[in-house]
Structures are given as structure tokens and as C-alpha cells.
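**Student:** Here is how the chains run, residue by residue.
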Amino acid sequence: MMINDKNSQKIVDIIQNYARKHSLWILAYGTGCGAIEIPPTMTSRYDAERLGVRGAATPRQADVLLITGYLTTKTLKRVIRVYEQMQDPKYVIGFGSCTINGGMYWDSYNTIKALDRYLPVDVFINGCMPRPEAVLAGFAKLQELIQAGKADGARKYKENLEWYRANQKKVIPNWRMPEYNW
Amino acid sequence: MNMIYIVFIVLLGGALLTFFANRISGLLRDTFFLLTILATTVLFFTKIHIGDTVSFTLAGLNLKWGLDAFGWYFSLIVLGLGTMAAFYALSYMKGKDRLGYFYFSFLISILSMLGILMSHDLVSFFIFWEVMTWSSYLIVIYSGRNVQKNGINYILLSALGAYAMLTAIVMVYANIHTLSISEMINTYPQFSHVQQVWLPVLFLMAFSVKAAMMPLHVWAPGAYSDAPMAYTSVFSGALSKMGIYGMVIVFVSMISYLPDDTLFKETFAWLGAITAILGTLWAIAQDDARKLLAYSSIAQLGYIITGVAVGTDLAMLSALFLAALHALFKGTLFMAVGAIERQTGTVKFTEVTGLIRKMPWTFIASLLAIIALAGIPPLGGFVGKWMLYESLINSNHYILVIAIFFASTAAFLYCYKFLFGFFLGQEEKEWENVKEAPALMVLPMLILAAGTLVLGTFPGILLKPADAAMQTLGYASTEGHLWSMSILFNEWGDQVLLRPLVYAIAGTFLFFLIILTVKGWKNTRYVSTKDISSSGEVPLEYENLTFSVNFYQPFLRAVGPVMKKRMIYYYREFGSGMEALFDYSRRIYNGNGQTYAIYVMIFLVIILLFKNSIFG
Amino acid sequence: MQEILQYTWGALVSFVVAFTVGITYMGLNRKITARVQNRIGPPWYQNFFDVLKLGSKETSIHHGVMQHMGPAFIMVTAVMSLLIIPILNDNRFFPNLNFHGDLVFLLYIMVFGPLGMALGAGQTGNPNSAIGVTRGLSQMVGFEIPWVMALVALMIQYKTTSIVDLMNLQAETGRWLMFTSPFAFLAAVLAMLGMFRYAPFDIVGAPQELASGPMSENGGKYLFVMMSAGSVFAFAKLTLYVDLFMGGANNLIILVVKTFILYLIPMLYGIVSPRYRTEQAIRYFWGWPSLFGLLAILQAVFL
Amino acid sequence: MEEIKSTIIQRIKTHFSDATEKEYPYNRVDFSVKKETIPAILFYLKDEMGFKHLSHISCIDWLEENEFEVVFIVWSPTDKIKVFVHTRVDRENPVMDNVDMIWRQANTYEREMREMFGIQFTGLEAPEEFLLEDWEGPPPMRRDFDTEAYATNTYWERPGREDAKDIRETIEKRSGEILPDFAKKYTR
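Chains as they are written, first to last, in numbering that gives the first Met the number 0: chain A, 0 to 181; chain B, 0 to 615; chain C, 0 to 302; chain D, 0 to 187.
Keep in mind that the hints are not guaranteed to be accurate.
[Unchecked claim] Label pairs and their calculated CB-CB ranges:
#, chain 1, residue 1, chain 2, residue 2, range
1, C, P206, A, W162, 33 to 43 angstroms
2, B, I446, C, F301, 49 to 59 angstroms
3, B, L539, D, Q9, 47 to 57 angstroms
4, D, E132, C, Q207, 25 to 35 angstroms
5, A, R49, C, P206, 54 to 64 angstroms
[Claimed, not checked] List time: in silico DSS-like cross-link candidates among lysine-lysine, alpha-carbon distance up to 30 angstroms:
#, chain 1, residue 1, chain 2, residue 2
6, B, K434, A, K168
7, B, K518, A, K5
8, B, K434, B, K529
9, A, K140, C, K158
10, B, K463, B, K357
11, A, K157, B, K518
12, B, K434, B, K290
13, B, K290, A, K157
14, A, K168, B, K529
15, A, K73, B, K518
16, A, K5, B, K521
17, B, K518, A, K149
18, B, K521, A, K149
19, A, K73, B, K428
20, B, K521, A, K168
21, B, K529, A, K169
22, A, K157, B, K521
23, A, K155, B, K357
24, B, K463, C, K30
25, B, K357, B, K93
26, A, K9, B, K93
27, B, K518, A, K9
What the hints contain is simulated information worked out from the structure, not anything from laboratory work.
Predicted, not measured: the structure shown is a model, and the values here were computed from it.
In this text, a Cβ means the ideal position worked out from N, Cα and C, and glycines have one as well.
Extracted from the complex, chain A is given alone in its bound form (with noise of 0.2 angstroms):
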């Protein structure tokens, strides 16, 4: 049998897929309020586990990016530096109006408003917070994505890592991090 086979390579990436999206180890990086919100979703009311979804010590590990609530500048700085660090598959779930269209801080001098300018956001999840049963859903909809192939946002970030740096770079003008050469 040939492994560059399609036929077989698709039996592969269904295979893969499968393990993946019911594997996903979280990084809650715990900006504004949402990280209250994932105490609850771990535990046993809401037992997110049950999807496979299971907390990650560090960036090297794990699969899911969550970013719970506004980013100011400074955070965002440390957040794609923790995005960098993680390992391809890797998923993005922003919380919040907060990182759709800066919510209660769309005024403010030091929060972006936006996140999918900055890093490659594969689900967002509205409510201000959402709660529990919402974040659920959205992983729910990651697991949905991963099986159909279509959570690439680690490659949308390779393949488009100039738009990305521009944007990032405007924001954070102090750049100092190690290079990114995937």
C-alpha cells in the first residue's frame, strides 16, 4: 500500500481528525473576566472533559488557544508569543464581544478590538461572558470544524504571516521575539 496514496492519506486525516477533535487539550490564557468562566465549565456542572477537552500546563502541549476577554496591548504581546510556542494543529477560541469588536472597551487607548487581526481566530464565542453551556457550544463547533478539515488556522497564520506581522507590529511597536519560520 502507498502511504502518498489520496485514497489512503484521506482514511489517515479521517482517522487524525477523529483523535484530534476529541482531544483537545486548553490553554485558558486567562485574560479580563472570562477566565471565572472556565472553572465552572471544567468542573463537575458543566464537566467539559466529557469532550475530551482537559487543561494543558504549558503552550508546548497544547491544542486550544483560549482567549477569555479583552486584550490590551501588553497581554496580546504575550499571547502570540504563547500562540507561537504551541504546536501545529493548533485552534483559537476567542470569548467574548470583547474579542470580536472590543466590547465594553471599544474606546480604550490600550485594548484591540479585533482579535482575528492579530492571530488566526478558528471560533469565537459571543455573550459578555458567555457562560458555560455557550463555551460548550463552541467547542462543539471547533469539533465539527476539525472533522471537516476546515480548523486550519495555524496554516491561514503561515501562509498569510506578513498581514499578521504588519498588524501586530502596528500595535506592539517594541517588537522583540524570536522568530517565527514555520
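Take the given structure of chain A and dock chains B, C and D to it, following the hints.
**Tutor:** Only chains B, C and D this time, still in chain A's reference frame:
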């Protein structure tokens, strides 16, 4: 002329030539030094055969020198390590001053060690022993650091041992009117019981000082770390083995004849185990690599002493095996520390980090040596440890097994500290321009480290001479029932094949290494040690993130009660107590003539009263 | 050649068995923990997904050769333990390398991997890794004492240093060593708590304080190999306990049942426990467990 | 309580001639001084009168009067009285004395004020950067800094945002609740 003379003349003459050549040119001095040690090694292993003896009379004393298999085994250690250390020293000592002095002392100490191994009479044994002490003392004070503290400690305890040995020699001469060692051993069973006990005690005192056994070890950390590392590898690897050499003879040929020999053996086995435990614990607490290795040497010699003291054939075999192996790995490690000291200028774990990419060969040599030290298969250290455990269990020393096992498990801690402290961790900008040590320094290390690797797979190479040595001591040949080439025997079972195990380990390792390397080869990247997941923060160049201060604090807290006081503290207490006592007794000289008259009176009265019992 | 093929076959089959059972146990651990915490929890096969996902990660990074080799070290330990520990009572299906006097060898090969991995963790330059390693090594010195005491008690009571001999002895007399030498069993089981590094002895890789300690810089294929090795090694350790104290097993089903019962001990102990600091853990192991070990030795010497 | 307060006022007024007091009910006394007097009065309050604790340092931007007002709040644990010390700093040249040798924690407040209002404290030894990282604009808490314009210029805004209307009107419409006038004054 006998070849034994020639070896000694070559060594002595070479030493003197080296010393005087220093005034002419450095190159000439180095050439003489290297030629001397090489010529000695070649002559020794080609021309001198086991059983050669030579005797002569000097000032009315019959002196006899000769070589037996036991001495040959130890001279293997001395000359093997000595040659390697000589090559290393050439590069390590380059650019330092008073090199003639150093090389002279180096060669003389090699000469004295060979002399000890070849002495068949007590006088030359004692003389060579003293020459060894003094030549090593000269090197300990070579650097000029801490001479007051470490040099004095060393020479005082060595003198204590020498006096003990001298007393024993006088005792022997008073009894049998000869100074031959074999005569002493032969007539030993006819000595009175008091002498039978005191003789080994006095001898063991002298030997324990050199082997750095527990209450007499206080000189070792300072002396080992103060001598130049080129010599410390010989100091710790070979010179301390002279103590083991003497101990083996005392235990085998004297203490075995005692009616209460088990007490002796148990005591010394336990002293060895306690030495191992405390040496290990103190090694864990050190931040200075030289001190760490010095304490580790004390601990390793503790295992060997335990093996010697237990004294069954397997235990003795393991002790001899470990003695040679200790020379290999400890020699390597001291050389590695020397290389790091030379390249970076410091030996503190808290200062140097991340040298693995700068000094890869030093790292490989240290890694092999550390694995051997820790006793992890498939390297040679495991064979020695395995034999030691088997022998201890076979001879019903159950608690001792646990003590030894504790020491060797705790040894992993300082093993890791050594490797991590120097080679792993953050690669700092400060050490960016460090280069690998010169080839002359790296090659001896690699050769010695490769020795441990070979001995792990083919321990028979070393077990054969060890067996011959033991037969000289009167053990039955272990070849039939304990070992043959790389097959170890367990007395309770059948044979152990080490080679398949080693091959299995190597095969599995390679298999998974290939899997790891090949899988996703294109998408695997090397990133620098500044690219770590530290909460999204990018460490700046000057930010040192290495964890090296208080490295084993939780462990040391757990074992804290044992380590409250150091042995040297008790010596100091004893010293100040004695001072106070003498200070008190000085008061009899109060400067009053009347009092002195009374003293004379009292003295005369005593003499008159007891004259019968004194002169009678 | 015949022999090598046989050993390779044995290693391969036992590896597959150990991998499957070990991963299942890890999944069951998560499930049971969830049930104890009144959650539904992941399915029992959850860890298969995790391992498969880690294996299908596309990229990975390393900080140097030692970190690259680290997972191979731990895998060697796992496979060598499997090769030495007899899986079943008769060696027919899983021929392996066990020999007389292998207990000492086993004790040392079991630290080969962790030490190699520790070197890899050290090279990452992450301070969390080094702190985790020092804690792990310190804790290892702690639990090795009762563990060795238990083994020495067995060795002197039955005058052998071979696992096969101990298994044969139990087969002949029909009495398990956990009943004939209960103190040794107690000491060994308490040492096992430390060996598995579940709570309360999980400070080595505490995710919240140390960011999973030694593994904090490993992802992708490295974590994949580590996780597989961990589950294989866990099964090997459980099998060793079954061989030593519970009479071994005649077929796989009995082995699985026995190992699972043993596995419940550290698992259930862990679920209800908080976390010890390192020195507390060390003192714990040098307290009651070592006393049981000493009692075991006394029993072996005098009874 | 009242006696203690009057003693405090008495003592401060005798020692510092430029101090003008303002009395509040309960345990609060306010003083206004010139900015040169600040270290002296704080030293006196701490060392002589037992106001051991510095609760807060705050700053108010009086744009219309072209001045900053800096307020030091100190607290006496023995008398259970808090004293507010007000001072005015010129807005064009905002320089005043550093007081972190009296209370170490003043350092933090002063760094914050330096960053947010641009007040320079002479002799303050601390890194320039405090809360804002890589900030290049004017001090953001000054009232003449237009936050909205800055945010609109710097950060990309997703089009189609509709909720930026007057939320209070919506509330009024939905619940029938009538908003007071002063609330309406501040709406957009």
C-alpha cells in the same frame, strides 16, 4: 641489572631531569616528563613480570622489592591513570609557573606508589609511604590557596597515620626481628592476642587516612579540590587506592586469623557504609564541582572499604573491580572539571551553565563517567555494584545492603547536579565564547570514559587480573565458580549474560531514537534555550533563568538532622579541649621557688615509696 | 539468530499488550476520578485519542540533542522492564530475557530512563523542568528505601534474587507472598504510591505550580513517546508487583484483573489526597513504610 | 474626636503657616498646602503626630485651571483619624518633590502618576516604564488626551458595530424608568 632497578632509576632520573630541564626550556621539560612516564609504563608492562624480585642490603637492613599479581593489579591503575593524567597535565598546566616543581612531585608520587606496590619489606614500604605523602602534599600546596587549612589538615592526619604505622613496624621488629612483610604475615598467628589486635588496628589507621574513611576523612575535600585537577585525578583515582591496597592485605592476612574477626569486619564494613552515606549527602550539598567530586570520592571509597571488610570472594572481587573502575570514572570527572576550570575560569555550578554545545566532547566523557559512577547499566559501574549487592546478600549483611543502596540511590542526585550544573540549563551570553578544551585534554578523558563503556560489556577484561590478584592473597580461583569472560555467576542461580542485556538496551535505544528522529524530520526544529514557555514572556539576554542555587534544598531539609555538624567540627572541639587542658596543666609552673621545692619533695617521696616496684 | 528473533517477538507482543492495557488504565483512572468528583468524565478510551493526537502533531521543537534523546531513554527503561519482568507464569508466549539475579538489575534499569529524561529536561533550560527533576530525584531516594527493604526481605527469606524463582515458589506452595510476607507487601505497596507519582506525591509534575515540571518543554512527538512509555512502564511495574506478591498470572485475563486491583490502590489513594511537599513526601516514606520494611526484614531473618 | 481634630489643626497651623484647613464630619481633616511644603508636612505628620500609614496618593486633572491636584491620604492607627493633604502643581511644568523616603510604598503611586499624568518627581529612582508597555503617546489619564480618537486611529474596528448608541435611552424606553438629568448630562 635488574629491571626493577631500571624502572625506579628511570623514574627518579626522569623526575630530576624534568626538574632541572625547567631552567633550560619548557619544551625540553615537557618532553622529559612525557618520556619518563611513557618509558616507565612501557618498561613496567613489558620487562617486569609477576614474580620478579630483587633484594639488597642497605645499612644492615635486608630490603626486598618484587612484583606479585596483587601489586600488578594496582600498578595497572597507577600507571594507566598516571599516563593519561600526564598527557592531560601537559595541556592543563600550560602557562602556569613552577612547573618543574609540579612535574617533579608528580613523577615522584608515581614512583612512590610503584614503590609501595613493590615493597616486600616494611622499611621500604614505610619510606615509600612517606615519600608518597610528601610528594602529594607538595602538590596540594602548589596552588598556594588555603595552605593553612587544607595542607595542614592533610599533613597532620597523614602524620597521624604514619606514626601509627611506625609503631606497628617497631612492634613487629621487636617480636620477630625481621622486617619482611611475608615473615610478618606468616608469624602473625603466633603473636600474643593483644599484639594481634593492635597490629591491624595501627596499620588500618594509616591506611584509612589515605582511603579517607569516615572519621579520618577530613583532609580529603580540601586537599582534593586544592591540588591542580591534573593531579587530583591521580590523587583520588590512584593514590587513595594505596590505602585500599594496604587494607586488603591487612584484612586478608591478619584479621582473618583473629578469633573475633567478625567484629572487626562488621565494624569496618559499617564504617565504610557510613562513609558512603555521609560522603554522598555532603556531596549533594556542594556548589563547588571539585568539592562535590571530592566528597563523592570519599563515598565511593566507602563502598570499596565495605567490600574489602566483608571479605567474601565475591565482595573482594567487587571491591577490586570498583577500585579500578573508580580510577577510570573519577579520573575522567576530575579531568572534566579541570577542562571546565581552564576554559571558563570557574568551577561553581551556580556560575557556569549550558556548556553542552560548547564543550561536547567533555560532556560525552562526563556523561559516560557519571553513568558509570551511578552504577546504571550498561556501563561498568553496574557490574561492580551488582557484585557488591550479591556478595552482601550472600553473606547475610541485610541492613548493610540497604545502607549501601541508599547511598548509591542518593548518588543520582549529585550525578545529575554535576551534569546539569555545567552542561545543561540556559545557555548564557556570558559563556558564549567558551571553546572546547584542547585535544590533549579531551583525549585522555575520552579514553578513560571509553574504558568504563568497554568494562560494562566485557567485565572479564578486568576480572581476570583481579582474580589473579586474589589468588595471590590466598583466595581460591574464582574463575570456575564466579566468572568467566563477561558471564557473572550468582551463587544461588545460574549464569547471567550481560552482553545480551547490553545489546538489548543499545538496540531498543537506537530503535526509538531513529523513530524519534525520522518521524516529522522536516517539521522538527531546534530552538534556543531562550525560547521557553515562560508564560509568554521572552527572557532577555542578560536574564539568567537557570535554576542552580539551593538545588536540592527540599532533600537537604529532609536529611537535615544528619548533616548539622561536620566531622571537622568535632576535631576542632577536641583540639580546643586539649588546648584548655594543657593551658590548665601549665599552671604548675607558677614561678614560685617554694612550689618547685615541694614538687621535688613529692617526686622524691614517690620514688622512695615505690622504689621496689619500679626498680625492683 | 533464532534467539534474537524470539526475544524481539516477545518484546513486540508484550509491548503491544502493555501499551493497550496501560493506556486503558490511564483512561479508567480519569473516568473513575471523574465519577468520584461527581462528573461524567471522559470515556475509558479517551487516552487512546490523546496519544493518537499527540502522535499526529505535525511540528515539534527541541532544545538540543539530550532533549531529543530523552524520550528514547525512558522508552528503553519501559521496554527493558518488560523484557525482564515475566509477563505470564510460563514464558512461552512472551519469551523474555529474565535471568537469575535480575532484581538488582531491574532496580537500576528502572532509574536509567528517568535519569535520561531528566537530562533532556535539563537541557530545555526551563527552570520549571529542573525544579521538577530535583523534586523527582529527591522523592525517588525517598521511596526507594521501603521498596528496597521489601525486596531485600524477599531475597533473604527465599534465598533468591530472581523473579522467576519467586514466582515458581508461589506456584509450588500455592500461597501468595503478600500473605506469607505481609510486611514486605505493605512496604512495597506504600512505595508504589511514590512510584506512580499520583497525589499526594505528584509535586514532581504539578501542572499548576511547575507547569508539569520535567515535561514542560516537550510537545508533539516527544510527548507522544513519553506518554506511551509512561503507560507501558506503569503496566510493567504493576506486573512486577503481581509477579512478586500475587503469584503471577497464568493468562492475560487474570493478569489484567490482578494488575487492575493493584492499580486501584495508588489511584484511589490519589483521588482523595492533597499534595505533599517534597520533604514531607521523603519523611513519609522514611516513616511507616520503612518501618514495615524493617519489620519485613526482621520477619525474614527470625521467622 | 473633635478635640483631637482641633488639636491636629492647631498644631499643623502653628507649624505650617501656608496650611489652610477644611473640616469634614467624622474622622477626616483636609489641609491644602503649597507643593514645597509637602515633604515637611508629611514628615511632621508621620514622625510627630503618629500618622504612620500612607493610604493613598491620588491626582486630579483640573484642566480648566491648568493645574494638577495631588492628594496624600494618611491615617493614624492610634487616633483613628485620616488626614488629606492637598497640593496644586502647575500643569505646564508638573514637577514636585519625591516622598518615597518617608513611605516606601509612595514609590509605586508616584511611578503610576508619572506614567499616567506625566508628573515628574525629583529624585525618584525607578524604571521609566511601569504599567504601560512601549507607550509612545501622551500620558493617557490627562483630560486633554482624546481616548476615543486615539483608539480609533490605532486599533482596527470591525464595521457594523451597533451598540455604541446611548444605552440609557434604551433602558429608559424598555423599563419606563426615568433617568435624572445629571445622568443624561454625561451620556454621549
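**Student:** So, for every hint listed, does it hold in this structure?
**Tutor:** Results of checking the hints against the structure:
no., hint, in the structure
1, C:P206 x A:W162: 33 to 43 angstroms, "holds, 35 angstroms"
2, B:I446 x C:F301: 49 to 59 angstroms, "holds, 51 angstroms"
3, B:L539 x D:Q9: 47 to 57 angstroms, "holds, 55 angstroms"
4, D:E132 x C:Q207: 25 to 35 angstroms, "holds, 26 angstroms"
5, A:R49 x C:P206: 54 to 64 angstroms, "violated, 20 angstroms"
6, B:K434 x A:K168, "violated, 38 angstroms"
7, B:K518 x A:K5, "holds, 20 angstroms"
8, B:K434 x B:K529, "holds, 21 angstroms"
9, A:K140 x C:K158, "violated, 63 angstroms"
10, B:K463 x B:K357, "violated, 39 angstroms"
11, A:K157 x B:K518, "holds, 21 angstroms"
12, B:K434 x B:K290, "holds, 24 angstroms"
13, B:K290 x A:K157, "violated, 51 angstroms"
14, A:K168 x B:K529, "holds, 21 angstroms"
15, A:K73 x B:K518, "violated, 37 angstroms"
16, A:K5 x B:K521, "holds, 21 angstroms"
17, B:K518 x A:K149, "holds, 25 angstroms"
18, B:K521 x A:K149, "holds, 24 angstroms"
19, A:K73 x B:K428, "holds, 27 angstroms"
20, B:K521 x A:K168, "holds, 29 angstroms"
21, B:K529 x A:K169, "holds, 25 angstroms"
22, A:K157 x B:K521, "holds, 16 angstroms"
23, A:K155 x B:K357, "violated, 38 angstroms"
24, B:K463 x C:K30, "violated, 58 angstroms"
25, B:K357 x B:K93, "holds, 21 angstroms"
26, A:K9 x B:K93, "violated, 66 angstroms"
27, B:K518 x A:K9, "holds, 19 angstroms"
Checked against the numbered hints listed earlier, the structure breaks hints 5, 6, 9, 10, 13, 15, 23, 24 and 26; every other hint is satisfied.
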